[in-house]
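Chemist: Required output: the full structure, derived from the provided sequences and hints.
There are 2 protein chains.
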Amino acid sequence: MEKIIYNVTLADGIRYDLLLRNGQFAAIAKTGKLENSSTAEHMDGTGCLLLPPLVDAHAHLDKTMLGMKWFHNNLGPLLSERIANERESRRKVGLDSCIQAGKLIERSISMGTLAMRSHVDIDTANGLSCLEGVLEARERYRDCFYTELVAFPQSGLVSRPGTIELMEEALRLGADLVGGIDPAAVDRDPKGSIGAIFSLAEHFDKGVDIHLHEPGELGAFTMELIADHTIASGLQGRVTLSHAFCLGSLEERRANALTELLSDAGIQITTGGQAYVPAVPSVKQLLNAGVNVCGGNDNVRDMWSPYGTGDMIERAQLIAMRNGFRRDEDLELALKICTENGAKLLQLEGYGISEDNSADFLLVRADNIAECVAAGPRERQVFKAGVLIAENGKYLS
Amino acid sequence: MEKIIYNVTLADGIRYDLLLRNGQFAAIAKTGKLENSSTAEHMDGTGCLLLPPLVDAHAHLDKTMLGMKWFHNNLGPLLSERIANERESRRKVGLDSCIQAGKLIERSISMGTLAMRSHVDIDTANGLSCLEGVLEARERYRDCFYTELVAFPQSGLVSRPGTIELMEEALRLGADLVGGIDPAAVDRDPKGSIGAIFSLAEHFDKGVDIHLHEPGELGAFTMELIADHTIASGLQGRVTLSHAFCLGSLEERRANALTELLSDAGIQITTGGQAYVPAVPSVKQLLNAGVNVCGGNDNVRDMWSPYGTGDMIERAQLIAMRNGFRRDEDLELALKICTENGAKLLQLEGYGISEDNSADFLLVRADNIAECVAAGPRERQVFKAGVLIAENGKYLS
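In order, the protein sequence lines correspond to chains A and B. Under the working numbering, the first residue of the first sequence is numbered 1, with each subsequent residue one higher. Under the working numbering, the first residue of the second sequence is numbered 1, with each subsequent residue one higher.
Quick caveat, the hints were computed from the structure, so don't treat them as lab data. Remember, it's a predicted structure, so these values are computed and weren't measured experimentally. Careful: at least some of the hints might be erroneous.
All copies of an identical chain are treated as equivalent in the list; a pair is satisfied when it fits inside any one copy or across any two copies.
Below 20 Å or equal to it, Euclidean Cα-Cα: the simulated EDC-like pairs (lysine to aspartate or glutamate) are [stated by the list, open to error]: (1) K394 x E379; (2) K69 x E169; (3) K344 x E148; (4) K69 x D328; (5) K69 x E329; (6) K30 x E217; (7) K30 x E88; (8) K69 x E371; (9) K206 x D44; (10) K69 x D264; (11) K394 x D264; (12) K69 x E332; (13) K69 x D367; (14) K33 x D205; (15) K69 x D12; (16) K69 x E251; (17) K30 x E251; (18) K206 x E81; (19) K344 x E202.
Modeler: Structure below.
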């Protein structure tokens, strides 16, 4: 089971030939330097750029309306309106979380994303139905797509009696992490909400991933509480904050102090480079302080947001643009956030383009990584364990 | 010379048949209601959405490096560095403004943009060479692409002796408007710079379009000076401010007062929804006050910015995202900014989808305008005076 893919470009801009054996990279050598293996299948890489798989560190598999009738959005501006609308409309619009999760997984694979952390709504109106559907979809694509699931109390945790019990059931059923949402702004009780999240995490020995949209000093206050709880419960390295918009809206000195705190507590950040907030967290500031930052698509054409295609190269571009990146090396950093850093968050084994790792990768027609990120969406070929599993935007089931 | 295109969707979501005659819309009727015309050529619109031509109200035809070797950007963060780099590097990298303008015009046409306002650099290092090249390209595509040119003192007007004389030559040579750049931050003499711009405009009886990147109160001060000069010189309705970032960074009451001033002076705004600034001007605030707002792609893969494809639907999406638009009606507004409002700025005659207007339009595969904007780039067919001039991303020369 050997395959040689010759003439591909790696991140350093140099042409290489790859020998794949038993689903792994057996050898990676500059073009022309690979030992001849006449029995192997040969494939011409035609100079394409070879990238490691994209990783979507923040998704909502149970929300997407991909392929469904267009949702005519005429909602008001409040977060609470969007939360209530979705909770109450799921059944009305016929949103089947298993079918929809499958669509987004296939779309992701077709774009070269092979691993994802997805939040899944847990609420008293829909119970565990979203999670049950997503768990089924996860199982179906297990061979080529790694999915980590966060039990997400979208409608509130302590503010909606009955939700904590559902969260417990969700964790028993197969959710991998405890989620949370704006402990102050949405759940209306920062100490109570964070306490409940960490108590679930400790009891079930799970990591934590909290949506934090809270702006300015409110977000900063919540962030401090979360860092304290992280250290107190010994969960350093297992807590993630998603969005963390407050870091973008505080003055630099204050943001720096919070960043140090995140670093001390081993808290990781996911960002989507959202365009609708005044500023997103500075990726460089976080990375320089040793905080891991990962990219996520967040909403993909759902009742929250009409935007989103599921493409993590497009997401890398948006994160780069919002961080004011223009230089080649900065665009490379934006892609790293959507590949390696996500793999680190998900603790993927055998990830990356080096010998003995799993031969998971994508081939795109681009001059170099900077050009790939700056130009955005384009066709690509996707390989899992050396096998072509998607091309021309289609998952080859 | 009759053609019937049946089964297209207009903005109201209803299916129509169109009769085209002598390059104009002769009749637009709900599907099945058109009088039979057996001699006409028939074409099935297959339910595609029909849009008026896109208008790019702020471009730089002489800067793009589309189709050239990738420009490895390792420039520092300052505006002045980017200005100096480009001025000095144009010849070194072999940037031929006629060839490059042609490429961006063809790219624009292929995306359904049929009218554009482009700034063209005028400076003491490159003289009028950029303008000469762009004028030649404009002439070549005159039949299907309308181009308005702004003589743009990118490197400074009053701060670089010899530039005013070049601007005069540029206006005699065929430039349609007088440009300017950050009278305070770049030209270092707000009163002098604005005075020189308006004196050129009055002398040559031309409109004005000034790049205004200046933030906060500095930008507000410059904006006030420009409004005063506009009224004093009787140029109401003929002055445009491009970017106007300060409107996004001031508190609401101050931004409202400036917006009123813009409205009184008949000043129009172009915006690109740039992702790298904390906030862009609020499109709705401006439109509600009666200020015309138009969209522009600005830089397309040049020495300034690695981003940009030339697609004004993608631009509408970015403007929508940065304005926090999620509702269908808001997404429709974003498209209007990139179509009708631009046509108003350029005073295009016979523009729009109604009888007796020129049969210029595009067909895209989309459920509705909101979906088209939210999903972004996609294939389209482009028609000029009833004739197919581009499809599948290719200009049919």
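Chemist: Which numbered hints turn out to be false for this structure?
Modeler: 2, 6, 7, 9, 10, 11, 14, 16, 17, 18 and 19
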